[in-house]
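Asks: Chain by chain, the residues run as shown.
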Amino acid sequence: MSAVSTQSGAWAKGRAQTGPVFSCVMTMFNEGPLLRRAAANVLGQSHAALELILVDDGADDATRAIAQEIAADDRRVRLIRQANAGLSAARNRGLEHVRGDYVCFLDADDARPPWAFAAAAEVIRRDAPDLALQRGVLSEVDGDMRRFYDAAHFDRLRELLGENPIETGAAEESMARALAHLIEPQAANKFVRVDFLRARRLGFPNGRVFEDMLFHAMAVAQAARISIIHAPGFAYHRRYGRPQITASSDERRFDAIAVARMTFALLERTPSFADPLRRSAAAAAALRLVRWCESCVGHQHRWNFRMAVRAAMRGVDPRWSVIAADTPLARAELDALRRYAKEVFA
Amino acid sequence: MNLIRGKIAKGPKAPSLAETSLVRIEAFGLALDLVAPADARSAADAQARLRGVYEPFLCTRPVPAEGVAVDVGAGFGSFALPFAAAFPRWRLWCFEPSDLAADLLEENLRRLGLGNVTVVRAAISARAAAPAEPLAAPDARALQAMCRPAPFRPDPDRPEAVLRARPTDAEARALPTLPPEAIAALEPDLLKLCAPFEERGIAERLAGADIPMLVGAVWETPRGGAVLAGPGRKDEVFLRRAGTPWCLRRDGVEGARDEALDVVVAAYDARDFIGECVRSILDGAGDDVRVIVVDDGSRDGTGQLVRAEFAADARVRALSKPNGGCASARNYGRLHSNARHIAFVDADDLVEPGFFARLLDLARWTGAEVVQGGFAPFEEGDEGRVVTPSYERGAFDDLPTQRAAGLDFRLVPPARLLTGQPTIWRRVYRRDFLDNKNIWFPEHIRAFDDQIFHMTTLALCREVPHVEALRYLYRQHPGQDIRQGDERHFHSLEMYRATLSRAIKEGWPDANPILRSFMNTVRWSCGTLRADLRAPFLEGAAELYALARRAFPPQTFHGAEPAASGNEDFAALVEMFLRRFQGLPDHHVWMSLDSPSFHPNLMRMAAATAAG
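From first to last, the protein sequence lines stand for chains L and H.
Under our numbering, the first residue of the first sequence is numbered 14, with each subsequent residue one higher.
Under our numbering, the first residue of the second sequence is numbered 1072, with each subsequent residue one higher.
FYI, nobody ran anything at the bench for these hints, they're computed from the structure.
As the structure is a computational prediction, the values presented were derived from the model and not from experiment.
There could be a bad hint or two in this list.
[Unchecked claim] In silico contact screen, one side only, chain H against chain L (beta carbon under 7 Å); selected entries:
id	residue
1	L1129
2	V1134
3	P1316
4	R1320
5	G1438
6	N1507
7	K1576
[Said to hold, decoys possible] Anything over 12 Å on all C-beta distances counts as not near chain H; from chain L, calculated:
id	residue
8	F42
9	R49
10	Q81
11	R88
12	R94
13	G113
14	P126
15	A132
16	V154
17	R159
18	Q235
19	A237
20	F247
21	A321
22	R327
23	D339
C-beta atoms are modelled at their ideal positions from N, C-alpha and C, and glycine is treated no differently.
So here's chain L without its partners, still in its complex pose:
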């Protein structure tokens, strides 16, 4: 038995690196010095076969200057400039330019450990999946750090599958894919095979935030094989240092409704819709985000928000209102979401 095994053992022994090549898309707007840190996190990956696509989404001067320095220092960086069009459009723009085997994302205010790509590469070499999902770390405003919100779902996937990927047609596929739908729709937690991305034309809803919900759902629903990487590969920061959409109470929260509706409409054409368990997990994932947004908007918006959710749900298949009792969620959350579904589909 080898003492060093599984994830990236080959790399640790110092053997020559072999594919895959990763393309990391990073958009920037006003991140300033945080951008340098995030870019260093990507460029400092021990798995060096990568390109960093920096999409300048109408960034401020300070951020652009830093991006230019980063691009000048490392030939693996490509800088693409556009007038400000929002996060989704900037990511889509970046996707047009990827030349690697697998694409991933890192927001300029988040972080990756140096082993993230190596751990992913190990799993990708083994499984050659369409999609690989990776665990993460949550950095809290009080300085505490812990496993990301969805650690329990990853734990259950490991119980269910061991180190094996989610396979189409396998006995546990339904539950495994349901769990994958419930993993946080985070951009940094996934590696998507570029051929798969192109074949399915995966992308983000232009002009909208809460964009990850749609991208995550469509990738999970359609990937023939999904690998799970249990070594944490990103850190999501909650901070007071700069305003975050995920901490706002304004009308941008309404985007969650629009994106949920579009996600449902697209998912209706995938195998995740036909299977009641997967469908109910996908519904729970989307409604969870919508409900959270409703609890965050200003009180003056709440009635409007609720009306918009109800109107949006008129445009989707009524079967999305059913969140099954065996959906793998904690009891309290499951009950709350089932009540919410009943209300907004009324």
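With chain L fixed as given, assemble chain H onto it according to the hints.
Replies: Same frame as chain L, now just chain H:
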């Protein structure tokens, strides 16, 4: 299950070391099989520390491709070996005093065939005297030769580990020990610390050393200032108090603020008090507690006095500005501060020694937006100073006691503080929190301006660590705002309206504490106001209450019913205003309405019109 244990609990009798087993350790993208004691706890502890401390640390900062790492308390190698394997261009020094653990560590090293790790069989402790001359970067043998014995005892929970011995320990035995300076001599880029009960001494002695990355589990909490504000560079820091959520952290992002507390003292004609006030703040504090005296256009030479008396103390700054009121002076001080933490003290008050230094340390270890000490009123009488125990004493005894930064404290839900008297001056605030939430003192309000600051900070912060044993002393004397009963009371209506409106706009989950505070203020104001102002004040309050009634759901008024105002007429007045709105539906938009009765300047304007 949280396996990062905080207490050294009495466990079952440890198995003999002959019983070892291979355990799989997952860390840094690798899975390694290591020889560990067969008891489940050693391996589980190690994995929990990797998951809860070391891995998150490395996940959140740029780790260079090469460097020197020092592992203090390396144990059987659960940190050092995955690190050495994942970062093959790093060189590691492992310090481990227990022979049993060091044997396992060397066995594991041999099995893995890692060439970048050196094991030194020694403890690191501040009990070892500092070397007379700075150490040259030593080799392992030289380090070994420098070792002196210090007493340790077996860890009752982990067969391979040892702990600092207490004087009464019968089982204590002497183990080779090196001074912390030996670590500095290795010029590490990263120091990983797991040395139960030695941490404080090690941190103090390494305060001057440049160690870019510092991570560890700690059982006692080193002074945050020694780690974060010492003369040596510590760019990336994450120390977690074992078994608790408390951690000391720094993320080396450029443009960060000073690792310090600025205490802003707004002073107006405070010549008689300011010297003692500033001295009390500095008493028992290090260089990271600083004072900004804002002389708000004093006529008595307050600013000059401060400049003269504290000319030799770099921690004290005196700023002078034209008179603009207490709120403007506090904001002015904040605008001139570049510290991570800030506090606002009144010029005629005092603090007991170490008040701010210790609260600052607690603020750093808890990461809390707001931390606070206790307070007590005092008066200067013929017999000298008389301090009255605070009415607050024991008010939070129902909450469990916690410990961090060498202090016993209780985590108080902010709603419980919000409904009470504004006591903004006994608190330490995170500057990034105040900035992010855009919380300022309202400069046009010349009295009770701290009410809105008090409410908004407490409505938006998490639980407040409260240390009753530390005391802020506030001076009672005639002429203080609190004793006055003029039109300025009407400002509180303006502040409650603004706060309730903000609660709507930002979707605060519960406005009940604001409304209860409102009722408390109405009751208190009615008792203090000049007789001729009582009726108009009550009328204004009733109008505001009526607006709130139409904007917030009924359960928001629990404990804030009109009767809570303590005034018999209030309920009838509220009904009168509610009748105005009859036939219109409830809506949040009601809270955007306003009335001249909420604004003293508009009331004066109205009075001037009538007079004209």
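Asks: Taking the earlier hints as the rules, which of them does this structure contradict?
Replies: 9, 14, 15, 16, 17, 20
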